[in-house]
Each structure stands twice: as structure tokens, then as C-alpha cells.
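The primary structure of each chain is shown beneath.
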Amino acid sequence: MLIELLQVVLNGLLSGAQLAVPAIGFTTIYAVLRFPNFAVASHMTVGAYAGVLVNTQLGWPAGLALVAAFLVAGTVGVASDTLVLRRLRPSGPLTAAIGAAALGIVLENIVRFCFANDPRGFDLPVLRDWRVSLGALGQLRIGPQQTEAAAASLIAMAILFAFLAFTRSGRMMRAVADNPTLAALKGIDAQMVARRANFVGMGLAGFGGMLIGLDTSVDPLTGYRVVLPVFAAAVVGGLGSIPGAVAGAFVVGIGEEFSTIVLDPSYRTAVGFAAILLVLTLRPRGLLGERAL
Amino acid sequence: MTSYLAAMAVFAGLYALMALGLNLIWGLAGMVNLGLVGFYAIGAYTTALLCVRFGWSPVAGIATAAVVSGATGSVVAVITARLKGDYLAIVTLGFAEVVRLVASNEIWLTNGTSGISGVPGLPRAWFSPEQVNLLYAGIVWVAVGLVALLLGRLSAAPFGRVLRAIREDEMVAAVAGKRVLRFKVQTFVVGAAVLGLAGGLYAHYVGYVAPDAFQPLITIYVVLALTAGGTGTMRGAILGAVLVVALTEGTRFLGAALPDLPPVRIAALREGVIGVALILVLSFRPQGLLPETIKPERA
Numbered sequence: 286m287l288i289e290l291l292q293v294v295l296n297g298l299l300s301g302a303q304l305a306v307p308a309i310g311f312t313t314i315y316a317v318l319r320f321p322n323f324a325v326a327s328h329m330t331v332g333a334y335a336g337v338l339v340n341t342q343l344g345w346p347a348g349l350a351l352v353a354a355f356l357v358a359g360t361v362g363v364a365s366d367t368l369v370l371r372r373l374r375p376s377g378p379l380t381a382a383i384g385a386a387a388l389g390i391v392l393e394n395i396v397r398f399c400f401a402n403d404p405r406g407f408d409l410p411v412l413r414d415w416r417v418s419l420g421a422l423g424q425l426r427i428g429p430q431q432t433e434a435a436a437a438s439l440i441a442m443a444i445l446f447a448f449l450a451f452t453r454s455g456r457m458m459r460a461v462a463d464n465p466t467l468a469a470l471k472g473i474d475a476q477m478v479a480r481r482a483n484f485v486g487m488g489l490a491g492f493g494g495m496l497i498g499l500d501t502s503v504d505p506l507t508g509y510r511v512v513l514p515v516f517a518a519a520v521v522g523g524l525g526s527i528p529g530a531v532a533g534a535f536v537v538g539i540g541e542e543f544s545t546i547v548l549d550p551s552y553r554t555a556v557g558f559a560a561i562l563l564v565l566t567l568r569p570r571g572l573l574g575e576r577a578l
Numbered sequence: 466m467t468s469y470l471a472a473m474a475v476f477a478g479l480y481a482l483m484a485l486g487l488n489l490i491w492g493l494a495g496m497v498n499l500g501l502v503g504f505y506a507i508g509a510y511t512t513a514l515l516c517v518r519f520g521w522s523p524v525a526g527i528a529t530a531a532v533v534s535g536a537t538g539s540v541v542a543v544i545t546a547r548l549k550g551d552y553l554a555i556v557t558l559g560f561a562e563v564v565r566l567v568a569s570n571e572i573w574l575t576n577g578t579s580g581i582s583g584v585p586g587l588p589r590a591w592f593s594p595e596q597v598n599l600l601y602a603g604i605v606w607v608a609v610g611l612v613a614l615l616l617g618r619l620s621a622a623p624f625g626r627v628l629r630a631i632r633e634d635e636m637v638a639a640v641a642g643k644r645v646l647r648f649k650v651q652t653f654v655v656g657a658a659v660l661g662l663a664g665g666l667y668a669h670y671v672g673y674v675a676p677d678a679f680q681p682l683i684t685i686y687v688v689l690a691l692t693a694g695g696t697g698t699m700r701g702a703i704l705g706a707v708l709v710v711a712l713t714e715g716t717r718f719l720g721a722a723l724p725d726l727p728p729v730r731i732a733a734l735r736e737g738v739i740g741v742a743l744i745l746v747l748s749f750r751p752q753g754l755l756p757e758t759i760k761p762e763r764a
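One line per chain: the protein sequences are A and B, in this order.
Positions in the first sequence are counted from 1; adding 285 to them yields our numbering.
Positions in the second sequence are counted from 1; adding 465 to them yields our numbering.
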């Protein structure tokens with residue numbers, strides 16, 4: 286019994302690590318630009334395609350493909366914000382959110398136009414699960430691919446935290462998130478910070494999209510399928526809080542794994558929705574969020 | 466050709482009904498509902514199940530569809546009443562997805578992704594297919610007219626004034642002694658019932674209900690209809706719905722104009738056009754074609 290419990294928690298931590306990266310991207314954009322950018326889903330898909338293309342066509346290894354996923358999705362994020370969302374933001378967060386949903390549909394269909402609906406896979410060796418013996422308790426199964434993905438997302442998070450803590454650009458971003466008026470008074474260029482937040486946020490979405498594509502498959506709906514758990518992670522942690530998004534991702538990831546014990550696995554994504562409702566009812570600002578509704 | 470036009474009129478009417486429902490919830494009371502396709506689905510499934518499994522008459526089925534959808538709306542409204550706009554957008558978006566998940570997975574009830582077929586419609590033995598379409602278009606547009614009339618009255622009544630006050634500033638409405646929560650829940654219930662009605666009418670027209678018919682894209686269609694027509698007005702909602710159907714159908718001819726493209730690319734182009742249209746409307750004419758005008762109260 287104990288070993289099954291450990292296995293479930295372990296699986297939850299591994300899938301939580303995958304959710305954390307796009308959730309951080311979503312929450313970063315929310316923190317700086319104050320609207321839920323529903324286009325994260327399509328940017329995740331864009332990242333997954335960028336990764337799969339450089340991997341299968343150019344033969345890049347997974348690590349480099351992740352960098353490509355980040356850069357391509359980040360660039361698309363900046364472009365789509367400059368062309369579309371920047372004009373809508375002054376009309377309020379909801380207009381921007383709906384515009385972002387429309388943008389998501391456009392991007393998804395650009396991907397569909399170029400690559401059709403057939404699922405694509407990465408050109409990587411399939412590895413057998415590791416088995417770790419815990420003496421009398423039994424054996425734990427660990428997927429090497431999932432472990433690598435979790436390691437990659439931890440590295441991405443570490444780089445992001447270092448960027449926010451130690452670089453000028455990161456500090457400016459935090460200043461704008463904290464108090465846009467004060468930041469403007471201090472002479473921080475809001476447009477530039479918005480561009481960088483979009484690059485980092487959507488880049489992380491693309492990075493996470495590729496991780497999820499590695500685990501499942503890459504098709505025009507790759508990002509869309511996990512967008513509910515990603516939103517859930519960000520909302521559970523407190524929209525706009527980066528440590529919150531990480532905590533929220535682990536909560537949602539573990540919750541999803543536990544749910545498979547009692548529910549049909551196809552209800553996994555509904556767990557995220559239940560988590561959103563629970564948190565908003567009991568603690569609307571989320572686990573680590575500062576601002577109340 | 467008449468059949469085709471009548472079928473398009475039916476869909477325009479269904480979108481108009483949904484746009485009217487959304488207009489009440491969002492246009493008047495300011496509560497964004499990005500999960501409206503969920504209520505539409507609940508309406509469609511309710512009447513499909515009642516009529517196919519229990520042999521109810523379509524009229525009773527459609528009426529019950531509106532009631533069940535409205536009741537679901539009250540639950541959603543109570544849970545989300547205190548949520549700010551962007552949180553509400555996320556929750557309602559999730560709600561529609563959960564409805565689709567349940568519809569795909571509770572096979573004992575909904576027959577899963579295969580859907581429920583044989584939902585009774587107008588008796589095909591009595592009418593030619595063309596007459597069926599024309600008659601159904603008539604029924605749907607009578608429903609649109611009635612709903613528009615009722616909601617128009619509601620919007621002009623003191624009730625509607627309170628909703629607009631809540632939309633503009635909830636705090637002020639509360640300070641003026643209006644019980645904001647109750648107004649919000651009532652509005653959500655009525656709006657959701659209209660969405661359920663649209664779903665019920667849809668089920669009996671198509672005769673077949675499956676989770677694939679309730680894609681989030683439909684929500685985008687209706688949001689586009691409402692914003693293009695003019696948020697806050699009933700006329701705008703109807704005009705917008707007609708325009709959206711004209712646009713989605715107009716792009717169908719893309720396929721004929723570009724015969725070299727594979728169907729998946731044409732489908733992608735058509736969906737993309739809808740997204741682009743919504744972005745353009747939001748950017749250049751956010752108030753819509755027939756914007757809301759509020760007459761100043763006489764002193």
C-alpha cells in the first residue's frame with residue numbers, strides 16, 4: 286500500500302514539473318500585463334512543433350530542441366503581442382483575454398495549415414523504466430523520459446529565478462509587476478518590459494509545450510489539451526505569483542495522479558477545474574498570491 | 466438552394482439565441498461567460514435523452530432543456546458570483562470543457578463520443594426536406610423573436626437598469642441597496658436557460674447529439690456575433706449572429722475557389738478567418754455595429 290502511495294506521489298511530482306513551466310509562463314504574463322493570456326495553449330503547440338521539427342529534420346538532440354522551442358515560441362509571443370494584443374490591452378483585461386483566445390485559434394490554425402493534423406513524434410530512443418528497489422516495501426517505477434523532462438523544467442525554473450533575481454531586466458519586470466505606476470515614475474520603459482515578459486512567458490510556454498509533446502505527441506491541439514491544468518496550476522498558486530505557479534503545478538499534478546485511483550483517467554483534466562473551484566471558494570488569492578480578488 | 470439557405474437560417478437563429486443569452490449575462494450584467502457552449506450542450510443532451518430514452522415529446526423536451534440548463538446556470542453563478550472578470554473567464558472556460566469531458570466519458574448516459582442519434586425532429590414523412598428546413602427556420606426565428614422581445618423588456622425594465630449599474634460598478638449598485646448577488650444569479654439563470662433552449666432546438670433539428678458538436682469554437686462564434694453586432698443590445702446580438710453565419714458560410718466557398726488545397730488546409734483557413742475577424746472587430750470597432758445607447762434619465 287505504502288509503495289503504491291509513493292508511486293502516485295512520484296508520478297504526480299513528475300507531471301507537476303511538466304505543468305510548472307507553462308504555468309510560470311502564463312502567470313508571468315499575468316503579473317506584468319494583468320490579463321489572462323489564453324494564447325498560451327497555442328504557443329505551447331508552436332514550441333512543441335519547433336522542437337519536433339529541429340529534432341526530426343535537423344537531428345538536434347532533445348536539449349537543444351528545447352532551447353529552439355523556447356526561442357521560437359518566445360519570438361512568436363512577442364510578434365503576436367506587438368501585432369495584436371498590445372492594441373487590445375488598453376480596452377481592459379477581458380477584451381485582451383478574448384483577443385488572446387481568438388489569437389490562439391489563429392495560431393492553432395496556422396500550425397494546422399502548415400503541418401496538418403497528423404501527430405508527430407520525436408526521434409528519440411524509447412527507454413525502459415527504471416526500477417528502484419526499496420527493500421521490503423517493494424519497487425518504484427520511474428520513467429527515464431519523465432525524469433529528464435522534470436530535470437529540464439527544474440533547470441528552466443532555476444534560470445528564470447536567477448534572471449528575475451540578479452539581472453537588471455528581471456528586476457525591472459518585477460518592479461512593473463509590483464507597481465506599474467511607480468515603475469513608470471522610475472523611468473522604466475513599460476513597452477520594453479512588456480516585450481520581454483512576453484518573450485520569457487511565451488518562451489516558457491513553448492518549452493513546456495515541447496516537454497508535454499515529448500510525453501504524448503505533437504499535433505495542433507497539443508497545448509490545448511493541457512491548458513486547463515496549466516491554468517489551474519497558476520490559479521491555485523495565485524495568479525501572478527511565480528513560486529505560486531510552481532507550487533500549484535505540483536498540487537495539480539499530484540491531485541491528477543490521485544484522481545486516477547478513483548476516477549476514470551480521462552477525467553484527469555477535470556481535476557484541475559475542481560482545484561480551481563476549490564481554491565477560489567476557500568482562498569481566492571491562491572496559495573501564494575498576494576492580491577485578493 | 467432553398468434548403469441550404471433555410472438550413473443557414475436555422476443556424477443563424479441558433480447563434481442569435483445564444484448571442485441573446487450571452488448578451489443578458491455579459492452585455493447587460495457584465496459577467497463574462499466563455500463557457501456558453503457548455504450550457505448549449507446541456508440543453509441539447511437533456512432533450513435528446515428525454516425524447517430518445519423516455520419518449521417525451523420534443524416540446525416538453527426542449528422546455529426541460531431550458532430549465533435544466535438554467536438550473537445548472539444557478540449553480541455556476543452561485544459558485545462564481547464573487548469572481549472578478551478574468552477569473553470568471555477561466556472558470557467558465559473550464560466549465561465547458563468539463564461538460565464535454567462528461568459527455569465523452571459517461572457512456573452509460575450519453576453514449577460517449579458516438580453520441581445519441583434518432584432525436585425526433587419534424588416528421589419527415591409529412592414534409593419534403595425543403596419544407597422541413599423552412600418550417601424549422603420559422604420555428605427557430607419565432608423563438609428568437611420571442612426571446613428578443615422578452616429580454617428587451619427585461620433590459621428596459623428597472624431590472625435591466627440594475628444590471629447595467631452592476632456592470633458599470635458593482636459597489637455603487639450595492640451601496641444603492643441592490644442585492645447584487647441575487648441579481649447576478651437571476652441573470653445567469655435566465656441567460657443559461659436561453660442557451661439551453663438553443664441547444665434543445667439544435668438537437669431536434671440535427672437529430673443527433675455528440676460531444677464533437679460542442680467545441681469551444683462555438684463560444685468564439687457567439688462572442689464574435691455579440692461583439693460584432695454590439696454588446697448590450699438585442700438587435701446587435703441578432704445582426705451579429707447573421708453576420709457570423711454569413712462569414713462561416715461565405716468561407717465555405719474558399720474551398721471551391723482554391724480546389725488545389727487539401728481539405729485540412731481549407732478547414733484551417735476557415736477557422737482562422739473567424740479568429741482574425743474577432744481580432745479585427747475588437748481592435749477597430751469594439752462597440753460593434755449597433756452600439757448600446759443609454760438615454761439619460763429625465764430629471
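There's no promise every hint is true.
Claimed, not checked - Distance condition first, Cα-Cα at most 20 angstroms in a straight line; then the derived SDA-like pairs of lysine to any residue:
hint: 1; chain 1: B; residue 1: Lys643; chain 2: A; residue 2: Ser376
hint: 2; chain 1: B; residue 1: Lys643; chain 2: A; residue 2: Leu572
hint: 3; chain 1: B; residue 1: Lys549; chain 2: A; residue 2: Leu562
hint: 4; chain 1: B; residue 1: Lys549; chain 2: A; residue 2: Arg570
hint: 5; chain 1: B; residue 1: Lys549; chain 2: A; residue 2: Arg456
hint: 6; chain 1: B; residue 1: Lys643; chain 2: B; residue 2: Val654
hint: 7; chain 1: B; residue 1: Lys549; chain 2: A; residue 2: Arg568
hint: 8; chain 1: B; residue 1: Lys549; chain 2: A; residue 2: Gly377
hint: 9; chain 1: B; residue 1: Lys549; chain 2: B; residue 2: Thr529
hint: 10; chain 1: B; residue 1: Lys549; chain 2: A; residue 2: Leu567
hint: 11; chain 1: B; residue 1: Lys549; chain 2: A; residue 2: Lys471
hint: 12; chain 1: B; residue 1: Lys643; chain 2: A; residue 2: Leu573
hint: 13; chain 1: B; residue 1: Lys549; chain 2: A; residue 2: Thr380
hint: 14; chain 1: B; residue 1: Lys549; chain 2: B; residue 2: Met636
hint: 15; chain 1: B; residue 1: Lys549; chain 2: A; residue 2: Leu572
hint: 16; chain 1: B; residue 1: Lys549; chain 2: A; residue 2: Arg319
hint: 17; chain 1: B; residue 1: Lys549; chain 2: A; residue 2: Pro569
hint: 18; chain 1: B; residue 1: Lys643; chain 2: A; residue 2: Thr360
hint: 19; chain 1: B; residue 1: Lys549; chain 2: A; residue 2: Ser376
hint: 20; chain 1: B; residue 1: Lys549; chain 2: A; residue 2: Ile444
hint: 21; chain 1: A; residue 1: Lys471; chain 2: A; residue 2: Arg456
In case anyone wonders, no lab produced these hints; they're calculated from the structure.
For each hint, the structure was consulted:
{"no.": "1", "hint": "B:Lys643 with A:Ser376", "result": "violated, 27 angstroms"}
{"no.": "2", "hint": "B:Lys643 with A:Leu572", "result": "violated, 33 angstroms"}
{"no.": "3", "hint": "B:Lys549 with A:Leu562", "result": "holds, 13 angstroms"}
{"no.": "4", "hint": "B:Lys549 with A:Arg570", "result": "holds, 11 angstroms"}
{"no.": "5", "hint": "B:Lys549 with A:Arg456", "result": "violated, 28 angstroms"}
{"no.": "6", "hint": "B:Lys643 with B:Val654", "result": "holds, 18 angstroms"}
{"no.": "7", "hint": "B:Lys549 with A:Arg568", "result": "holds, 14 angstroms"}
{"no.": "8", "hint": "B:Lys549 with A:Gly377", "result": "holds, 13 angstroms"}
{"no.": "9", "hint": "B:Lys549 with B:Thr529", "result": "violated, 31 angstroms"}
{"no.": "10", "hint": "B:Lys549 with A:Leu567", "result": "holds, 15 angstroms"}
{"no.": "11", "hint": "B:Lys549 with A:Lys471", "result": "violated, 30 angstroms"}
{"no.": "12", "hint": "B:Lys643 with A:Leu573", "result": "violated, 34 angstroms"}
{"no.": "13", "hint": "B:Lys549 with A:Thr380", "result": "holds, 14 angstroms"}
{"no.": "14", "hint": "B:Lys549 with B:Met636", "result": "holds, 13 angstroms"}
{"no.": "15", "hint": "B:Lys549 with A:Leu572", "result": "holds, 18 angstroms"}
{"no.": "16", "hint": "B:Lys549 with A:Arg319", "result": "holds, 12 angstroms"}
{"no.": "17", "hint": "B:Lys549 with A:Pro569", "result": "holds, 10 angstroms"}
{"no.": "18", "hint": "B:Lys643 with A:Thr360", "result": "violated, 48 angstroms"}
{"no.": "19", "hint": "B:Lys549 with A:Ser376", "result": "holds, 16 angstroms"}
{"no.": "20", "hint": "B:Lys549 with A:Ile444", "result": "violated, 33 angstroms"}
{"no.": "21", "hint": "A:Lys471 with A:Arg456", "result": "holds, 12 angstroms"}
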